[in-house]
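Student: The lines below spell out each chain.
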Amino acid sequence: MTPTTAPTLERKRPGPPGGPAGPGWDRGFGQPDRDRDGDAHRVPLARIAVWLVVATVTLLFAAFTSTYLARRMEPDWQTLQMPGILWLNTAVLAVSSFLLEWSRREGLKQQLPRLRAGLIIATVLGVVFLAGQILAWRQLAATGIFLASSPHSSFFYLLTGAHGVHILGGLIALFYAVGKTRTTGSVEAVFEPAATFWHFLGVLWLYLLVLLFWI
Amino acid sequence: MTVTHDHTHAEHRQSFITRWIFSQDHKVIGIQYLMTSLLMAAIGGFLSMLIRMQLGFPTWNFYWAQWLFPGGFADFKMKPDFYPAVVTMHGTIMVFFVLTTALSGGFGNFLIPLTIGARDMAFPFLNMMSYWLYPPAIVILLISFLVTGGAAAAGWTAYPPLSALRNAVPGSLWGQTLWLVSLALLIVGFLFGSLNYITTVFNLRARGMTMSRLPLVTWAQFLTAILMLLSFPVLFAAVIMLLFDRHLGTSFFIPSGLVVGSQLVTHQGGNPILWQHLFWFLGHPEVYVLILPPMGIVSEILSNNSRKPIFGYTFMVGSLSAITFLSFLVWGHHMFTSGMHPLVGTAFMVTTLLIAVPSAIKVFNWLATLWRAQIRFTSAMLFAIGFVSLFVTGGLTGVFLASPAVDIYFQDTFFVVAHFHFVMASAALFGLFAGTYHWFPKMFGRMMNERLGKIHFWLTFVGIYATFYPMHFAGTAGMMRRIFSTTQYEFLRGLAGMNMFISVAAFGLGIAQLIFAYNFINSWIRGPKADRNPWKSNTLEWQTESPPPHGNWGAHEPTVHRWPYDYSVPGATDDFIPQTVPAVPAVSGAAVDESDGKPT
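Read top to bottom, the protein sequences are chains E and B.
Each residue of the first sequence is one higher than the one before, counting from 1 in this note's numbering.
Each residue of the second sequence is one higher than the one before, counting from 1 in this note's numbering.
Any given hint might turn out to be false.
Said to hold, decoys possible - Cβ-Cβ distance ranges computed for the label pairs, FRET-style:
| no. | chain 1 | residue 1 | chain 2 | residue 2 | range |
| --- | --- | --- | --- | --- | --- |
| 1 | E | 203 | B | 501 | 53 to 63 Å |
| 2 | E | 203 | B | 522 | 49 to 59 Å |
| 3 | E | 176 | B | 514 | 23 to 33 Å |
| 4 | B | 63 | E | 72 | 25 to 35 Å |
As the list claims (entries may be wrong) - Only some residues are given here: those of chain B computed to face chain E with a beta carbon under 7 Å:
| no. | residue |
| --- | --- |
| 5 | 43 |
| 6 | 67 |
| 7 | 68 |
| 8 | 71 |
| 9 | 233 |
| 10 | 237 |
| 11 | 269 |
| 12 | 408 |
Hints are computed from structural coordinates only; laboratory data are not their basis.
All values reported here derive from a predicted model rather than from experimental measurement.
Glycine is no exception: its CB is placed at the ideal position from the N, C-alpha and C atoms.
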């Protein structure tokens, strides 16, 4: 607790501009001493924001999960048969995620046409995944299993629906990134956060699949 | 000083609509949030007057009230159905639509960029969206008074099955649906806001503004944003599931075998306790969402008006962080009577009692800051000191309630009402008042009337204690929290006199707020002009114009050279040294040239 000392000798350390510092326990936290002469040195804001979004969505699904785990202990629980098309959907989403990562690496090598191609195919596969999910819903409904049919069907529609809404958000981000690659050469600020969110949604889907049908 | 940023937004031209209505300027959004919240406070306060009217004078006729709420009154007396709706709406409005929005939305928006030396939030458009989800949420909530069955009546906690079955009580018909939709909108707005706050504090701090030089008010807002980001999605999930239960036939929260209106409910197998877990996983962090920003505001005002550094800055930051963390581990103490295993109850008791440690650290810090200070008793300072008093009074009863053995007796009595109205409601309200008196000059460029402010403080301070302190005794005597009238049971009749006293005190408290309203509006229109730094404060927001221009800092962003609490530094000419003033190298005790380092 030194801050009350008079503003006399400036301590020489590679820290923030002089003066009595605070406790100094935060050196290196964030980048308080970075050069602020331009925006080039900043961490892209969207990169921070996307991780915060990931945290929020994680908590949303954590809440659903805890309800799910508690609800399945009730005596009226019956597990549905997993619709076969979900295997296909999972594969599509996985390929989409891998393509996105491939195109990111190509982008780092300045192979912009490849980056663009990978991004577009990944986005299209995302749309295919969403269509596949809707198909799974329709198949279930055709066999007479609706939202309110059983507790497990309620959770199935709720969780896939909530995931689908976020996939829609991820697709909007990817479409935005596709648009950006057409107009500008620099895509890092848009592409990376969109890709991070997309990979997160892929992992979230695997998690939901395990939660719904394998435990 | 180091010149950093070259381009300025000050020349940005704006029309009336983009400047004052759909503004993306954090200061305008902050003021919009604050003003809307104050309007909602008037509505929520009016509802509390209805509550006190009914509890204090259950046998009187209220002609005007029947004219105002034709559905809620019959023969000039409140209908028993209407009373829980009023209580529900009072709680919901005050917690979510007044205190959260004013303290986090209002002060958070206004102060975060200004205190860290940024020109605006990280995502101004998202910020505007955050505010503009709030008015629709208000409209949907208030419309519920007019729909069939009236407003939601299941309490601000909306426990199922009361809230889940559409024919459980009149308010469950449409009022509850509107309540849930309104809350969902507000939650999305809060999430946008907190995303913005965290990113802004991480990334847009001015040169030299390390985290250990961040003013405590900004620390508190930063930690509050983290709390909101992690707790509100859980309530959102619960809200979605409850809406599904109500309208789509699912059974997440509705148990088997319920009979309503002599008809068996078709839902089965759900568990209403699940809702309680989800609700309180948000609900407890939520009360810290309400109290952390006032803690920051009060720390700032106490230090500034004591003309002393805050006693233990590191400990303040540490205890704020500790409370943020612990608040996620204590939700079960709201559910001791839910059939919880005693061992689990004991675990929640331990985590709850642990919160007393960081809370006490803060209180001792505030007291030590005041100790032997030459205190400047401004209105803001009075409210800040009042905050400490209310927080201690309410916090002590919190220690009682943390113990399951005691809580099982006090559960859902007026003792709980007294507890949370002290520690959370009125303490947060005092933080709101303190902050308003303190930052009003910066917000509107005019000074508030100090004399009226002090009258307002004393009437409010005495009014709060006179209103809520007797409630401890009513609760100890067994008066239930949501009971409609003291005439219901024989054993409550003896409390009629006390309730009348509480009601009269509450009416006085309500009327005293008109002084604040008058002072606010009058000072806004014709208060004396404020200069840049009327309180001789160190933090960055006071180093720019009052009110700050669009873009906040003119041509150059400020550079920070010191922590924010250099008050009464030995050897300095003034008793404050703003954060923008560089250290004077190698000249011991030299006068600090104040004009240097100012960011214009």
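Student: A separate judgement is required for each hint: does it hold in the structure or not?
Tutor: How the hints compare with the structure:
no. : hint                        : result
1   : 203(E) - 501(B): 53 to 63 Å : 60 Å, holds
2   : 203(E) - 522(B): 49 to 59 Å : 57 Å, holds
3   : 176(E) - 514(B): 23 to 33 Å : 50 Å, violated
4   : 63(B) - 72(E): 25 to 35 Å   : 55 Å, violated
5   : 43                          : 30 Å, violated
6   : 67                          : 43 Å, violated
7   : 68                          : 39 Å, violated
8   : 71                          : 32 Å, violated
9   : 233                         : 4 Å, holds
10  : 237                         : 4 Å, holds
11  : 269                         : 4 Å, holds
12  : 408                         : 23 Å, violated
Hints 3, 4, 5, 6, 7, 8, 12 from the list above are not met by this structure, while the remaining hints are.
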